[in-house]
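There are 2 protein chains.
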Amino acid sequence: MDSTMCSGCLKDKDLKEAIQVIFLDVPKPILGQWNFDSQILLKALNKHIKDPIKIPLYILKKLPYVLREKDFKVWVVLGKKEREYEILEIFSEKPSEILGVAIDLGSTTIAFYFYDFIKKEVLKKFSITNPQIEIGEDILTRLHFARKKEKLEYVNRITIDAINKELRSVKDKIYYITVCGNTVMSHFLTGLPVNYIFLEPYVPCTNWYDLLEAKELGLEAHLLAKVFIFPSAGTYFGGDIIAGLYFSEIYKKEDGFYFFIDVGTNAEVVLGNKDFLLVCSGAAGPALEGGILECGCQAKEGAIERVEIDILTKKIEYKTIGNKTPIGICGSGIIQLIAQMFINGLLSFEGKFQKESFPERFKKINDELAFIVAFPEETAMGNYIYIKEREVKNFLRSKGAMFTILTLLCEKIGITFKDINTFYLAGSFGNKIDVDSAVTLGMLPEEALSKTIGVGNAAGEGALKFLKKADFEEIRSILGNITYIELNREPKFMEIFTGAQFVPNVNLELFPKVRKKLEGKVCLK
Amino acid sequence: MDSTMCSGCLKDKDLKEAIQVIFLDVPKPILGQWNFDSQILLKALNKHIKDPIKIPLYILKKLPYVLREKDFKVWVVLGKKEREYEILEIFSEKPSEILGVAIDLGSTTIAFYFYDFIKKEVLKKFSITNPQIEIGEDILTRLHFARKKEKLEYVNRITIDAINKELRSVKDKIYYITVCGNTVMSHFLTGLPVNYIFLEPYVPCTNWYDLLEAKELGLEAHLLAKVFIFPSAGTYFGGDIIAGLYFSEIYKKEDGFYFFIDVGTNAEVVLGNKDFLLVCSGAAGPALEGGILECGCQAKEGAIERVEIDILTKKIEYKTIGNKTPIGICGSGIIQLIAQMFINGLLSFEGKFQKESFPERFKKINDELAFIVAFPEETAMGNYIYIKEREVKNFLRSKGAMFTILTLLCEKIGITFKDINTFYLAGSFGNKIDVDSAVTLGMLPEEALSKTIGVGNAAGEGALKFLKKADFEEIRSILGNITYIELNREPKFMEIFTGAQFVPNVNLELFPKVRKKLEGKVCLK
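Chain order of the listed sequences is A and B.
If you're matching positions, the first sequence starts at 1 in the working numbering and goes up one per residue.
If you're matching positions, the second sequence starts at 1 in the working numbering and goes up one per residue.
Watch out, some of these pointers could steer you wrong.
Copies of the same chain are indistinguishable here, so a pair counts whether it falls within one copy or spans any two.
Unchecked claim - Straight-line alpha carbon distances no greater than 20 Å define the calculated SDA-like cross-link-like pairs of lysine to any residue that follow: (1) K61 x H144; (2) K253 x F502; (3) K215 x E86; (4) K28 x E377; (5) K50 x F472; (6) K70 x P193; (7) K61 x I316; (8) K61 x Y154.
I should point out that these hints are in silico values taken from the structure, not numbers from a laboratory.
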């Protein structure tokens, strides 16, 4: 049996996988040839792997027996480290499953991808709620909570426990874990002090995590399993965004310029290509995601993700995720809702509600004017689902900030939106966003209409990609290429931002298509 | 305070030490500069160390606090690994002692060297008895004993326990441990299976040990302390010999050819220089060391290490180690004893005892003829100290084998003893050996008379050297340069060996100086 004859064994294209499962027909030791078991194994392995290979004691202790079980035919599980490989397991029979787990450690949900290195496929993916929510919805509350050592250890423990619960049933088969999370999530995962993150000058403990052992984190996996945590580029530019960038590969693009826009709890925008990565973050904020709306909710079952208003027939049609009875509106629903209100004359240029043509949908709730999307009899909880005028104003500030950032980043390097090759939209609603609505509202420029690609949970996909291409060097080079810009301090920021809070913009010439659409429908006030 | 101002901090010449203690005045983080504690630390360190530096979780967890204890002034303890450095500790005050321990794990004794990386000096050195002796004096007995897993674990445990007893009192200050031992000792230390070492084709588990953690071996040292175990080149060419070679540096010599001769429980001979290392081992055996003589003993207090016979005055004078009452004869004493017997006509050319001129010193013991070195009233135990004719014959076989090996190794590469630059004599009696006696007996060629350097416990010194120059690459290159030769199988071996069992040799022309000395003293039989 030749070492190239097996299915599931190493092929050239797999050479970068975090885990490699290699079949070896090890030449047997011969009398008088100064053989060592480790030596003949490495010699056989070196035909596949040229890099240094570490054999840990755990493997050495079983090596002589495993080699002789099936006449020196073995399956070796190799883990890729930054500067060497390590033998993580050795079998005398072909293993059925060799798993890697990619984890997107969000502050709200934790997403898991279970990948099989033998079948080369994702076996399952799912999300759970981040248990830290019991401490507080927002990160600042959790940071304050974790100032004391024992409290930090508590946050660390509940996080690890929640992850372990999902790993436990297959733990012995898990050899590699990749995790991406924002800077604070990564600190909580590793139990690193967060005390100086919220004190001036706002210094996190670390940006880079050397490859860790699952056991030193307390993660339930194979004894020698490795954990790669995506690095941060800044306090507000965490491993989740680095993972997203890694997935988008805009850092490899040779032609033109690319936007990578991640709208999650924060909004991070990256403009770049293979030569540079210009980064701005934190300015847009959670208003775009829907999290802070009274009727806002995560993009889960029952969330309204599509809304259409027909002012002529006085009908509002919506679609929920999973076609369930509605429980609230998620980010993509909110954008379309506000855009539809504007197109149908229910929202003015300045963001004021216009009750006149659809009065039965407007109602004061707790003394504030709200637009009703669903009446109590339609909803799961029997309550109104609505958006308030004040909430729309907040949204317009956020979308205005987003447009301002996009504009200023282009100006920084002397290009216009026409020079943008692709807008990658990531984040909790990156895939679902109605680009038409986003452009109608002036959140994205009109150039985005034909050039936008939704990349969904780019962070999670990036973590998964690292299982398939464990290229530490590439991650380091992304980090090295990033330049951070504080745009809020630019004098021009306020000037553009002020006009960008109108719908779509105070300068309608920037949005000729929106203008044309409006001319056919309602009068500009 | 500048980082060059401290004593005990890194200088260029120290760059290769296994442990480096570096003072850093870390630039403080500045608002708006995207600082991370790990990042500013590494930046400061990179002025001293260009290689990659790993910061383990243990350090990261304390880093923010230690940095701020004394205004970002810190002492960093760095450990050298094969492909990177690792931060092992960080202090806000200058540490008083940072220790490394070099251990020569002999099958009989374990020698310790405690080295202080701050003072740059050996604080103490001493030996203890290898506790494995309770299982059996010789290695084969121990190998058989350790065939079963639980027995192997027992041998491993008593070995580790014995070492720990010596480390315990300063364990928190120990950051690096180097160990050299023969192939079996290294397996026992690491708990690796030895089952196939004594079964054909005699395959040990491993030759190379990747740098280990002290804690994974159960050694009592700093939490992150590293352990380097010298590799083996062959079953009978272990880490002790590699360490000895490393100390002798014959692998660096550019001019001429060098012998490295280690006579311990086995005898290993290396001939080489910077271009090659030709190795032969195991042939001479323990007869040279004295271990298998009825009155033989280790080179310890009370061991007779020098003997002089004056046949005219009928006096035998001896000197013991520590000038104690004699307990036995050690290796160097045996060589001189046999040489003195020969010179004084008490031993024939063929190795037969010649009673005639000193009959009161010859006596039958258990039916075998013996030469009395000390009478019962002179000795510690009240017994005779003697050497038997049969034992001398055994010795002559061993010394004959040694001379044969030296001769054949030279012939292999087409040189003669005249081309040898230096004979390095290592091993338990390398320092003490009376070269004149060894030449008189024909164990070493006459060229050795003026060219021999005793390097004492070269193995232990090699282990110590690795603390000061942790050059993994050099050790790998020594291993790579070694060519092993099985001389016993050469047809010429028996021819030379037969003649070399005479004293000094059947071919007296090889030993003109010995011949001259004999002509003035006694008749050649």
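Results of checking the hints against the structure:
no.	hint	verdict
1	K61 x H144	between (47 Å within a copy, 17 Å between copies)
2	K253 x F502	neither (34 Å within a copy, 81 Å between copies)
3	K215 x E86	both (16 Å within a copy, 19 Å between copies)
4	K28 x E377	neither (77 Å within a copy, 60 Å between copies)
5	K50 x F472	both (17 Å within a copy, 18 Å between copies)
6	K70 x P193	between (50 Å within a copy, 18 Å between copies)
7	K61 x I316	neither (69 Å within a copy, 54 Å between copies)
8	K61 x Y154	between (36 Å within a copy, 15 Å between copies)
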